[in-house]
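J.: So the chains spell out like this:
Number of protein chains: 2
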Amino acid sequence: MNRAVVLSIGDELISGLIQNSNSRIIASYLKSHGIPVINIVTVGDSEPEIIRALEYAKYSQAPLIIVTGGLGSTHDDITRRVVAKYFGRQLVFRPEILQKTEALYRRRGRKMPEIVRLQAYFPDRATPIPNPIGTAQGIQIEQNGQQYCFLPGVPTEMESMLKESLAGLINEMHGEPIYSRTIHVFGLTEGEIYTRLRDWIEQQSEIKVAFLPGLSDTTIRLTSQSAEGIKTCSKACQNIKSILGEFIIGYDDETLENVVANILMTKQLTLSVAESCTGGLIANRLTNVPGSSAFFKTGIVAYSNESKINILGVEPGLINEFGAVSEKVACEMARQIRKISQSSIGLSTTGIAGPTGATPQKPVGLVFIAIANAAGCQVYRFVYSRDRVSNKKLFSQAALNQLRLALSQES
Amino acid sequence: MNRAVVLSIGDELISGLIQNSNSRIIASYLKSHGIPVINIVTVGDSEPEIIRALEYAKYSQAPLIIVTGGLGSTHDDITRRVVAKYFGRQLVFRPEILQKTEALYRRRGRKMPEIVRLQAYFPDRATPIPNPIGTAQGIQIEQNGQQYCFLPGVPTEMESMLKESLAGLINEMHGEPIYSRTIHVFGLTEGEIYTRLRDWIEQQSEIKVAFLPGLSDTTIRLTSQSAEGIKTCSKACQNIKSILGEFIIGYDDETLENVVANILMTKQLTLSVAESCTGGLIANRLTNVPGSSAFFKTGIVAYSNESKINILGVEPGLINEFGAVSEKVACEMARQIRKISQSSIGLSTTGIAGPTGATPQKPVGLVFIAIANAAGCQVYRFVYSRDRVSNKKLFSQAALNQLRLALSQES
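Top to bottom, those sequences are chains A and B. The opening residue of the first sequence carries number 1 in the numbering used here; numbering runs sequentially from there. The opening residue of the second sequence carries number 1 in the numbering used here; numbering runs sequentially from there.
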């Protein structure tokens with residue numbers, strides 16, 4: 001069976017200083033070429049740990065093992081030496097590799113530092129893997145039917161070697177390609193989604209279903225390795241749509257703001273937003289969409305009562321009687337922003353993001369969302385229970401989702 | 001020796017669907033508590049692979065093993081069952097756990113799906129690890145002097161359990177602490193920072209210096225394991241401050257918005273923001289700071305000329321003569337938002353985030369930033385060359401940074 005193991009070497013990866021983005025790139029690339037990655041192992045620049053990880057990869061019996069990092073020529077690049085030791089091979093000087101490196105330096109008009117000569121030493125009987133954009137060539141070693149490919153850790157070099165220099169090897173190993181789709185759901189917990197889909201999931205044989213709960217949505221991932229993968233996944237999306245209905249906020253790379261933007265542009269509607277507790281996040285999300293100036297007119301972050309009154313024109317009496325966090329004020333904010341910005345729709349939020357600001361009747365996490373159009377105003381109430389920044393995200397997600405629902409009900 | 005192994009379980013992690021951010025958070029947190037992580041192993045939701053990874057962790061002899069993922073109650077959550085099998089223990093129903101979960105659903109005003117009952121089953125003699133914000137409790141098992149802690153994969157839940165529920169265990173294991181400080185720099189490239197610091201770095205023996213270039217800042221990380229680590233790191237920060245000066249925007253967990261917020265609150269100044277190209281991002285960043293209502297009064301996202309004229313009160317003649325993306329309009333926006341919101345300071349942005357909107361004189365990535373106070377208005381011009389969302393981030397970073405510089409020059 002085609003499968004691969006990825007081994008990442010580098011102190012910076014196990015110390016938490018940087019994200020291991022290489023392994024994700026490799027996994028995603030190999031998967032799209034029909035070679036699923038079964039393990040990703042990350043270790044520091046430590047001889048015993050590199051050897052332990054190579055053993056782990058060996059016992060996986062995966063035919064392909066991609067290793068990144070530690071092929072440079074500074075004091076902490078030990079992969080070359082450890083590889084020679086692990087496979088019991090001498091390091092041999094390869095003059096043609098040195099010439100290549102010297103030529104690269106000449107083309108760049110720079111003097112090659114002496115230390116870079118080290119990169120021309122290769123384990124005996126290893127195959128160099130060309131590096132189209134840097135000086136450290138990769139090392140390919142075959143042992144007991146497993147191909148070990150050692151690549152440098154610099155992401156751009158690693159990626160070009162994976163996609164260009166290893167293309168032949170990867171094509172040769174190419175398994176059945178894997179098709180996948182993702183479905184984004186908001187408003188149901190993972191358990192609630194599963195409960196609704198369980199009967200359908202149990203009938204599936206050609207498709208794998210996985211759940212990925214996140215803060216502001218749960219992603220359902222469908223994967224198929226059948227010959228009819230594209231069709232199988234599309235059919236499954238339709239089936240899930242018929243079960244989950246309007247809880248689905250988008251597919252694949254779609255974000256909620258993209259979906260809302262598309263509906264607004266299709267219907268040629270304009271939108272303005274009056275935000276209190278979301279503090280500009282809704283405007284920011286909507287204006288992340290390229291071309292959003294076609295529908296987005298004005299955002300007002302009315303963070304003080306003063307600005308709600310003076311800039312939005314909310315009646316002070318409403319705030320005094322019901323409080324700034326209330327249905328009435330939410331509605332008035334939506335109506336007013338719609339009016340003063342002359343937009344088809346006004347959207348507003350007022351709530352308590354926390355950590356302070358709660359009252360006995362109004363907990364942290366409470367939000368009122370109002371949507372005003374020519375026909376009137378609708379208000380929605382939600383309570384979340386996260387930290388300040390997460391509450392803001394959830395408030396903005398709920399607001400954009402209510403807008404999506406309101407827009408899809410409109411004719 | 002104190003050290004830890006991190007094991008991440010989830011098909012989505014080995015398929016490249018999502019970045020394994022949990023392992024980085026755990027590694028960084030444990031390192032700061034003197035427990036270096038020596039391996040991070042990622043496997044899919046597969047019984048043989050989970051068992052192989054548990055064996056790998058066992059032979060590492062690390063006293064602490066943190067495992068995340070697969071503790072939910074859907075069909076692909078198999079960790080609970082595999083753990084029971086691996087350690088040879090029965091799964092036992094724990095009614096007190098079910099009661100806790102039922103109470104959480106009641107508080108959220110929702111019905112608990114039957115399937116969630118599964119989360120009340122624990123391996124015999126295991127200790128539940130409380131989950132302060134979600135339903136899936138963790139599982140702690142001791143075997144042969146190694147502590148295995150199984151946590152859910154949802155990042156916010158994982159993180160609060162790591163930092164709160166496991167605080168006792170981690171403090172008990174606490175090794176030679178590793179001291180580290182980070183310094184955030186904006187306005188210099190990594191190469192420029194290194195060139196300025198090289199002589200100083202070469203004199204250091206007790207401190208390790210690493211650079212981590214990011215989109216909107218470069219982080220310098222100082223690490224020391226000496227007994228005088230705290231002092232060594234503080235001294236190094238002072239040295240670097242004397243070399244890099246005002247290019248330093250903050251230290252450690254400080255964000256630029258926190259720094260700006262602190263100066264505003266200390267000086268008892270109020271701020272309002274008029275945003276065009278940043279589309280609400282500056283308001284959003286500032287209102288992420290708890291207590292920001294003390295200084296932040298109003299944000300206006302004036303995304304159309306119409307809203308610049310009608311809501312902000314910019315002279316139409318200025319837009320006609322100089323264009324919406326111009327020094328004059330930036331300045332007028334800052335002056336107007338300051339005036340209509342009665343704030344000490346007005347901050348504005350107008351620019352071209354892209355991908356469209358460029359003219360022969362005005363490229364994508366151009367931004368004008370204006371700061372108005374009682375003394376008048378200053379305008380700054382920058383050009384960046386990224387994609388839309390990254391340009392917005394850089395525009396907001398440049399705007400907050402100019403505000404920081406302006407505020408620190410004021411008496």
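It should be emphasised that the hints constitute simulated quantities derived from the structure, not laboratory data. On a predicted model such as this, the values are computed, not experimentally measured, just so you know. Just so you know, not all the hints are guaranteed correct.
Mimicking DSS-like on lysine-lysine, the simulated pairs with C-alpha atoms at most 30 Å apart in a straight line are [unchecked claim]:
1. LYS393/A / LYS339/A
2. LYS111/B / LYS362/A
3. LYS100/B / LYS85/B
4. LYS267/B / LYS235/B
5. LYS85/A / LYS235/B
6. LYS111/B / LYS208/A
7. LYS231/B / LYS85/A
8. LYS31/B / LYS208/A
9. LYS208/A / LYS235/A
10. LYS100/B / LYS362/A
11. LYS231/A / LYS328/A
12. LYS393/A / LYS241/B
13. LYS339/A / LYS31/B
14. LYS208/B / LYS241/B
15. LYS163/B / LYS111/A
16. LYS231/A / LYS241/A
17. LYS163/B / LYS362/A
18. LYS231/B / LYS208/B
19. LYS58/A / LYS393/B
20. LYS231/B / LYS241/B
21. LYS241/A / LYS111/B
22. LYS58/A / LYS100/B
23. LYS339/A / LYS328/B
24. LYS231/A / LYS208/A
25. LYS267/A / LYS362/A
26. LYS328/B / LYS31/B
27. LYS339/B / LYS328/A
28. LYS58/B / LYS111/B
29. LYS328/A / LYS235/A
30. LYS393/A / LYS85/B
31. LYS163/B / LYS267/B
32. LYS111/B / LYS393/A
33. LYS241/B / LYS267/B
34. LYS362/A / LYS328/A
35. LYS100/B / LYS393/A
J.: Taking the hints in turn, state whether each one holds.
T.: Results for each hint:
Proposed proximity of LYS393/A and LYS339/A is supported: the alpha carbons are some 26 Å apart, at most 30 Å. With a C-alpha separation of about 22 Å, the suggested pair LYS111/B and LYS362/A falls inside the 30 Å cut-off, and the hint holds. Proposed proximity of LYS100/B and LYS85/B is supported: the alpha carbons are some 26 Å apart, at most 30 Å. Taking the CA atoms of LYS267/B and LYS235/B, the gap is about 28 Å. The hint holds against a cut of 30 Å.
A distance of roughly 42 Å separates the Cα atoms of LYS85/A and LYS235/B; the hinted pair therefore is violated under the 30 Å criterion. A hinted pair counts as satisfied when its Cα atoms are at most 30 Å apart, and LYS111/B with LYS208/A qualifies at roughly 28 Å. Under the criterion of a C-alpha separation no larger than 30 Å, the hint pairing LYS231/B with LYS85/A is inconsistent with the structure, at around 41 Å. This hinted pair does not check out: LYS31/B and LYS208/A have alpha carbons roughly 37 Å apart, beyond 30 Å.
Restraint check for LYS208/A and LYS235/A: satisfied, since their Cα atoms lie roughly 13 Å apart, inside the 30 Å limit. Restraint check: the Cα-Cα separation between LYS100/B and LYS362/A comes to about 24 Å, which is no more than 30 Å; the hinted pair holds. As the CA atoms of LYS231/A and LYS328/A are separated by approximately 49 Å, the hinted pair breaks the 30 Å bound. The suggested pairing of LYS393/A with LYS241/B is violated, with an alpha-carbon distance near 35 Å, which exceeds 30 Å.
For the hint pairing LYS339/A with LYS31/B, the CA-to-CA distance comes to about 55 Å; that exceeds 30 Å, so the pair is violated. The straight-line distance between the Cα atoms of LYS208/B and LYS241/B is roughly 17 Å, inside the 30 Å bound, and the hint therefore holds. Straight-line distance between C-alpha atoms of LYS163/B and LYS111/A comes to about 50 Å, which puts the hinted pair past the 30 Å bound. Only pairs whose Cα atoms come within 30 Å are accepted, and LYS231/A paired with LYS241/A is accepted, the gap being roughly 15 Å.
A distance of roughly 28 Å separates the Cα atoms of LYS163/B and LYS362/A; the hinted pair therefore holds under the 30 Å criterion. Between LYS231/B and LYS208/B the CA atoms are separated by roughly 14 Å; this keeps the pair inside 30 Å, and the hint holds. Distance restraint check for LYS58/A and LYS393/B: the Cα-Cα separation of roughly 44 Å exceeds the 30 Å cut-off, and the hinted pair is therefore not satisfied. This hinted pair checks out: LYS231/B and LYS241/B have alpha carbons roughly 15 Å apart, not beyond 30 Å.
For the proposed pair LYS241/A and LYS111/B, the alpha carbon gap of about 23 Å is at most 30 Å, so the pair holds. Among the hinted pairs, LYS58/A with LYS100/B is inconsistent with the structure: their alpha-carbon atoms are about 44 Å apart, more than 30 Å. Annotation: proposed proximity of LYS339/A to LYS328/B holds, straight-line Cα distance about 28 Å (limit 30 Å). Restraint check: the Cα-Cα separation between LYS231/A and LYS208/A comes to about 14 Å, which is no more than 30 Å; the hinted pair holds.
Restraint check for LYS267/A and LYS362/A: not satisfied, since their Cα atoms lie roughly 37 Å apart, outside the 30 Å limit. Simply put, LYS328/B and LYS31/B have alpha-carbon atoms about 50 Å apart, too far for the 30 Å limit, and the pair is violated. Distance restraint check for LYS339/B and LYS328/A: the Cα-Cα separation of roughly 28 Å lies within the 30 Å cut-off, and the hinted pair is therefore satisfied. Using a Cα cut-off of 30 Å, the hinted pair LYS58/B and LYS111/B is violated, with the two alpha carbons roughly 40 Å apart.
Between LYS328/A and LYS235/A the alpha-carbon distance is near 44 Å, which puts this suggested pair outside the 30 Å criterion. The suggested pairing of LYS393/A with LYS85/B is violated, with an alpha-carbon distance near 39 Å, which exceeds 30 Å. Taking the CA atoms of LYS163/B and LYS267/B, the gap is about 34 Å. The hint is violated against a cut of 30 Å. For the hint linking LYS111/B to LYS393/A, the alpha-carbon distance of about 24 Å falls within 30 Å, and the restraint holds.
Note on LYS241/B and LYS267/B: the hinted pairing holds, with a Cα-Cα distance of about 23 Å set against a maximum of 30 Å. The straight-line distance between the Cα atoms of LYS362/A and LYS328/A is roughly 15 Å, inside the 30 Å bound, and the hint therefore holds. Restraint check for LYS100/B and LYS393/A: satisfied, since their Cα atoms lie roughly 27 Å apart, inside the 30 Å limit.
When held up to the earlier numbered hints, the structure conflicts with 5, 7, 8, 11, 12, 13, 15, 19, 22, 25, 26, 28, 29, 30, 31 and fits the remainder.
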